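Required output: the full structure, derived from the provided sequences and hints.
Chains A and B, in that order, are what the protein sequence lines are. Numbering follows our numbering, with no gaps: position 192 of the first sequence is 192. Throughout, our numbering is defined as the position within the second sequence, counted from one, plus 350.
These are computed hints drawn from the structure, not numbers from a lab. Hints are all accurate, no fakes.
Away from chain A, derived, C-beta distances all over 10 Å, residues of chain B:
| hint | residue |
| --- | --- |
| 1 | 467 |
| 2 | 518 |
| 3 | 572 |
| 4 | 692 |
| 5 | 696 |
| 6 | 724 |
| 7 | 871 |
Distance ranges between label pairs, derived from CB positions:
| hint | chain 1 | residue 1 | chain 2 | residue 2 | range |
| --- | --- | --- | --- | --- | --- |
| 8 | B | 679 | A | 216 | 49 to 55 Å |
| 9 | B | 472 | A | 22 | 25 to 31 Å |
| 10 | A | 20 | B | 402 | 57 to 63 Å |
| 11 | A | 139 | B | 657 | 31 to 37 Å |
| 12 | A | 44 | B | 466 | 25 to 31 Å |
| 13 | A | 139 | B | 664 | 34 to 40 Å |
| 14 | A | 118 | B | 388 | 55 to 61 Å |
| 15 | B | 662 | A | 70 | 28 to 34 Å |
| 16 | B | 659 | A | 30 | 23 to 29 Å |
It should be emphasised that the depicted structure is a prediction, and the values quoted were computed from it without experimental measurement. For each residue, glycine too, the CB sits at the ideal point set by N, CA and C.
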Amino acid sequence: MTSPLSKRALLRVEDATVRFGPRAALDAVTLEVAAHETVCVLGPSGSGKSTLLRAVAGLQPLDGGRVLLDGADQGAVPAHRRGVGLMFQDHQLFPQRDVGGNVAFGPRMHKVPRERREARVRELLDLVGLPGAAGRAVGTLSGGEQQRVALARALAPEPRLLMLDEPLGQLDRSLRERLVVELRELFGRLGTTVLAVTHDQGEAFALADRVVVMRDGRIAQTGTPLDVWQRPASAFVARFLGFENVADAVVAGAYADTPWGKVPVPTGSPSGPCQILVRPAGVRLTDASSGLRCTVLARTFRGSHLALTLAPPDAAPRIDAAAPLRGAPEVGAEVAVTFTPDEVVLLPAE
Amino acid sequence: MVVDRPQVTPQVTDATDVTVVRRRAAAVRRRGIVVRLGLMAVPAAFFCVFFAYPVAAIVGRGLHEGGHWRFGRIGDVLGDAGIRHVLWFTCWQAAASTALTLAVALPGAYVFARLDFPGKRLLRAVVTVPFVLPTVVAGSAFLALLGRGGFTDSLWGVRLDTSVWAILIAHVFFNYAVVVRTVGGLWAQLDPRQEEAARMLGASRPAAWRQITLPALGPAVAAAALMVFLFTFTSFGVVQILGGPTYSTLEVEIYRQTAQLLDLPTAAVLTLVQFAAVGAILAVHAWTVRRRESTLRLVDAGTTAHRPRGGERALLGGVLAVIALLILLPLGVLVARSLDGPDGYGFTFYRSLNSLGTSSTFVVAPLETVGNSLRYAAVATVIALAVGGLAAAALVRRAGRLVRGFDALLMLPLGTSAVTVGFGFLITLDKPPLDLRSSWILVPLAQALVGVPFVVRVMLPVLRAVDDRLREAAAVLGASPLRVWREIELPLVGRALAVAAGFAFAVSLGEFGATVFIARPDSPTLPVAVARLLGRAGPDTYGQAMALSTILMLVCAASLLVLENLRPRAKGADPSPGEF
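Laid out in structure tokens, this is it:
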């Protein structure tokens with residue numbers, strides 16, 4: 001674990017295992033979240049990330065391992081006494097209560113007196129940007145408003161750990177991008193400790209201090225967003241982050257043998273068989289006299305640049321490249337490709 | 351139902367065109383109303399002729415004498431101590447039966463909704479058997495279990511057949527499925543994560559259930575309780591057989607006053623009283639049903655069940671034990687009695703059903719009644735499907751109070767005295783142009799009357815669940831309204847139609863209160879034959895009654911099992927038969 005262990009771990013998951021029949025949804029997962037830290041678990045659907053949240057919440061009994069909060073084993077503590085909050089994927093607002101009733105539910109369960117409860121509801125609705133919405137019916141809320149009410153409801157009992165399950169999953173793109181910034185700012189201001197899961201890498205990178213990538217119930221990589229982005233730990237992580245230029249390679253000295261020919265590798269790379277990742281930024285288009293000759297299969301407008309899909313000869317894997325908006329080659333054009341070692345990452349062989 | 355969709359209005363710029371289009375839209379709307387009224391006409395006429403008219407006639411016959419209305423009789427009858435006793439007993443036994451049924455069946459509703467266990471589907475069919483079982487058979491089953499020389503009598507010397515407990519237990523036996531299906535049906539669709547959300551906010555398991563699940567289930571529990579109250583309030587066969595001379599419900603009293611004492615005025619007053627009570631119950635029911643349609647988070651019922659854990663295993667065991675004792679045991683004892691002949695176990699009673707025997711109970715061999723019953727029930731099913739299907743088609747678009755009133759009207763026969771209907775048939779349908787007295791169609795008509803509410807209840811939710819956009823998509827692709835109905839609607843509701851037919855068939859098969867009046871002596875139905883056999887003393891006729899009841903039970907159970915397999919297993923519209 002490369003967690004900032006200078007701070008005390010608020011949550012510690014040790015070898016947590018959950019089996020559904022023969023399949024392990026969580027396979028000996030170990031994880032720490034420090035106080036005031038925001039950790040994002042990232043993974044494709046079915047990788048076990050929701051099960052991890054449910055196990056921490058106490059909604060899913062463990063088949064092995066343990067969950068500690070503030071150093072105390074939670075094995076015998078029922079869900080409602082763990083003092084953690086969980087924001088569900090589809091919010092699960094109570095339809096028979098209005099907005100105020102939903103937000104006040106937690107404080108009511110904790111026997112907070114009425115006046116303080118009402119003050120807390122007002123305060124939280126102000127905080128999430130829905131002042132005066134206490135009397136509204138849940139059914140009249142838009143998707144973004146529901147998300148805000150769900151957040152207010154989860155924060156109301158002042159949980160020591162707030163967990164978010166696909167917090168922005170169902171919202172449209174522009175709203176998601178705006179809310180993710182708001183959330184990060186809010187958690188920073190409140191000092192909330194957050195464990196979130198998502199399948200959206202953009203969301204995870206924008207929200208998290210630290211990212212945990214999961215695959216098939218195991219942790220594939222842990223690190224800061226920058227770490228994970230710059231040095232994916234495996235071909236799986238690289239592909240999951242959207243990098244397509246991954247191929248088998250054999251390193252010898254300063255070059256690797258790949259289906260794309262010889263590719264320069266960073267100095268000091270160990271020799272031997274491995275997998276190689278070339279980020280699109282490391283794919284250089286040159287004039288057609290030197291380098292790997294490719295045909296442009298498709299070009300996609302990405303705002304700041306054009307994403308090109310290139311087909312090398314001899315059935316080698318396709319190559320993703322980025323080209324400036326001006327002067328990019330047309331579909332069907334022949335280009336030559338060279339690679340720069342700065343954008344090349346060596347991954348362990350699979 | 352499809353014809354009244356507003357047509358696509360073309361883009362217009364001209365003011366006169368606007369008026370033309372408006373006028374055309376109004377015409378379309380008018381045509382929609384006409385179509386709906388047309389669809390309603392057949393069921394409405396059916397109910398007027400075969401329900402309202404006979405009931406009105408019998409009330410008139412009782413209260414209209416010598417050219418004058420004699421409403422004073424109402425006071426006289428209600429002042430009678432004996433009648434007051436009957437009224438009191440009817441009310442309190444219905445309330446007690448309802449409370450007992452809820453207490454016993456609510457854990458069952460949870461188990462069927464939320465737990466996965468092997469044999470669940472079969473068991474769900476089994477617990478529904480009593481509901482469609484003829485009251486007469488249920489009565490005889492409990493007589494065999496709790497009565498003189500019965501199971502508990504021979505084992506421990508305990509007899510309950512003259513006590514009110516036998517009636518209450520039989521009522522629970524009968525209505526267990528009503529609660530399990532109505533409440534459990536909704537419970538299975540409630541999102542379990544709602545409770546989890548409450549737990550995450552600090553609610554303990556019981557608190558989460560009380561705060562979140564109970565309020566969501568409330569209207570369904572209320573609706574089920576009202577239905578059970580209605581069924582037990584108008585209970586006839588069970589009380590007739592198990593009540594002895596001491597206990598009598600309003601319905602039994604109406605039968606006694608009409609058929610035995612020939613006191614029509616009293617019977618008419620009692621009918622009016624029962625009518626008022628049933629009307630009130632149905633009004634409250636309609637209100638709870640509307641509340642039930644309030645916004646709830648519903649999910650696919652297939653995803654919410656899980657394997658029993660910890661304490662749930664004990665709960666499952668308890669529910670299975672209750673089902674075994676309450677439902678399987680009486681049915682088992684019934685079968686055992688039917689086989690327990692004078693010379694050991696065997697099919698003696700079954701064989702004797704094939705002959706006239708020495709008794710003068712029948713003009714025909716009892717076994718022939720099986721054929722009679724099946725024929726009558728088949729015809730009744732066809733009538734009920736036609737009438738109920740048209741009614742459901744008319745009701746599918748919510749439109750104001752008129753339609754809602756019609757909806758409640760269709761439910762009335764469920765709670766109205768079947769005895770009154772039967773007797774009303776006798777005295778009204780004997781004159782041209784409706785001289786049906788000697789016609790066989792009389793029996794299926796009366797049975798269809800009971801079947802129609804079931805057909806409507808099963809069909810309506812499914813018809814309403816057909817997504818409007820499917821119809822629109824088909825229309826845009828060029829299908830005429832009729833084609834839309836044939837290509838889209840019919841395949842979607844086909845299953846529900848089969849389920850409705852099964853229910854109508856089963857209740858027609860078991861109908862007793864009305865049939866007992868109008869079945870001709872030379873072609874009695876199975877339940878009527880059972881009642882006649884039970885009415886005569888002697889071990890032979892008793893054994894025959896048990897044998898005949900067993901046959902009736904098997905036929906009902908078979909049609910129900912077929913039905914259970916017709917329930918859609920995939921996602922989408924669940925016709926949820928049994929939700930009344």
